[in-house]
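Student: Input sequences plus hints: build the corresponding full structure.
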Amino acid sequence: MKTDELISLMATSNQPVDTGWLRRATWLAALLAMIAATIAVLLTLGARRDLAGAWATAPVLGKLLLGASVAGIALAAFQRSLRPGLSPRGHLSLILLPIAAAVLSALVVLAQAPAGEWASLTFGRSWQACLIAVVLYGLIPLTAMIAVARRGAPVDLRLTGAAAGIASAALATIAYSVHCPEDTIPFIASWYPLAMGIMAVVGALAFPRFVRW
Amino acid sequence: MSLADLETQLHPVFLSALAGDAAAYRVFLEAISVRLRGYLRHQLARAGRTEPSEVEDVLQETLLALHLSRHSYDPASPVTAWAHAIARYKLVDHLRRSGRHASNLSIDDEAYQLAAPDTVASDAGLDLTRALQSLPERTRKLIDQVKVQGCSVAEAASAAGMTETAAKVAIHRGLRAMARILTKRNAP
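Chains A and B supply the protein sequences, listed in that same order.
Going by this note's numbering, the first sequence opens with residue 1, and the numbers climb by one from there.
Going by this note's numbering, the second sequence opens with residue 1, and the numbers climb by one from there.
One or more of the hints may lead you astray.
Stated by the list, open to error - 30 Å max Cα-Cα, derived DSBU-like pairs, lysine-lysine:
(1) B/141 - B/184
(2) A/2 - B/184
(3) A/2 - B/168
(4) B/168 - B/184
(5) A/2 - B/141
(6) B/141 - B/168
Said to hold, decoys possible - Stretch by stretch, here's where chain A covers chain B in the computed footprint (C-beta under 8 Å, at least three residues):
(7) 3-14
(8) 48-61
(9) 157-164
(10) 169-181
Stated by the list, open to error - Only some residues are given here: those of chain B computed to face chain A with a beta carbon under 8 Å:
(11) 25
(12) 70
(13) 72
(14) 77
(15) 78
(16) 81
(17) 124
(18) 133
(19) 143
(20) 145
Think of the hints as simulated: they come from the structure by calculation, not from any bench.
C-beta: ideal position from N, C-alpha, C; glycine also.
Tutor: Have a look at this one:
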């Protein structure tokens with residue numbers, strides 16, 4: 001086939017194109033995946049017993065704020081990374097701001113507590129459970145992100161995957177907060193960001209395999 | 001023509017193409033393929049590949065990718081940068097697939113700024129033709145009529161007993177299937 005023929009074929013069958021679709025698909029898929037992950041947490045682990053009284057307290061709101069801000073930034077970077085020629089790196093590095101804010105708050109809390117309590121404030125009773133849960137429930141949004149990315153044109157699959165992984169862990173943070181019984185800032189500032197880092201690696205490894213186009 | 005001039009010229013043209021203007025889309029594709037051919041020829045030569053048909057194969061795969069990724073374009077961004085990023089991705093993918101280690105690739109982005117236009121289309125290899133052969137007969141016939149016989153989509157559609165829109169959708173699906181076949185060819 002000649003290149004001219006290919007050009008004719010593509011030009012004559014041209015149809016109007018919706019350039020906003022990827023953006024809408026990203027946000028909608030993230031919202032639905034977050035709801036699905038929350039339902040999965042409720043069905044498998046159940047809500048924390050004191051959820052009715054606890055949801056409006058600072059630690060729970062802190063988890064939601066951390067999850068929502070990191071998810072928002074990572075999803076915006078993810079969406080940009082599906083569009084060739086735009087560089088999402090600067091956008092993605094903004095996730096360091098909410099994480100730094102969480103870590104600073106944790107340091108303030110630790111500084112005010114006696115040294116003997118530092119370990120219990122940081123490790124709580126369920127840090128392994130938190131790590132495992134955020135990573136596992138994060139696979140639900142990660143699958144949705146793979147489906148969206150396959151309809152985009154990511155030219156840096158590792159970066160797209162890392163952004164998707166971070167966003168997925170952040171969405172799972174929100175979902176898991178209906179169960180997570182830990183209410184100390186040092187706990188929140190340690191294990192949730194670590195889970196986000198793990199998911200960034202998972203995404204960076206998975207996307208070159210599943211999204212190549 | 002400098003890259004900035006090309007951008008000034010092609011940006012409004014591509015926006016019209018995205019709105020459905022077939023003539024504008026043809027102008028865009030012809031102008032960008034001249035630019036991309038020069039870029040790809042230069043980069044492939046640096047990788048030790050001087051076969052003109054290989055340049056044309058990668059160019060065709062890139063054009064197909066541009067076509068199928070039009071919705072990924074951000075209207076506020078430079079269209080030449082968008083096209084270049086896709087060409088670069090397809091070039092790296094092509095070299096990796098055809099047996100070069102990715103770490104040996106020296107793809108430099110400045111080359112795109114300086115790439116000499118290349119209007120001389122060589123004969124492509126058989127990649128795209130083979131991909132076309134593997135489509136379902138009905139779609140292949142439709143594409144053949146529009147491509148080789150120069151029919152309008154409306155004419156080809158009525159010959160096949162379908163509406164023009166249905167024919168465009170069928171052609172689009174056919175092109176997507178061809179792109180998928182190209183991606184899987186020689187997959188590692």
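Student: Taking each numbered hint in turn, which are not upheld by the structure, reported in ascending numerical order?
Tutor: 7, 9, 18 and 20
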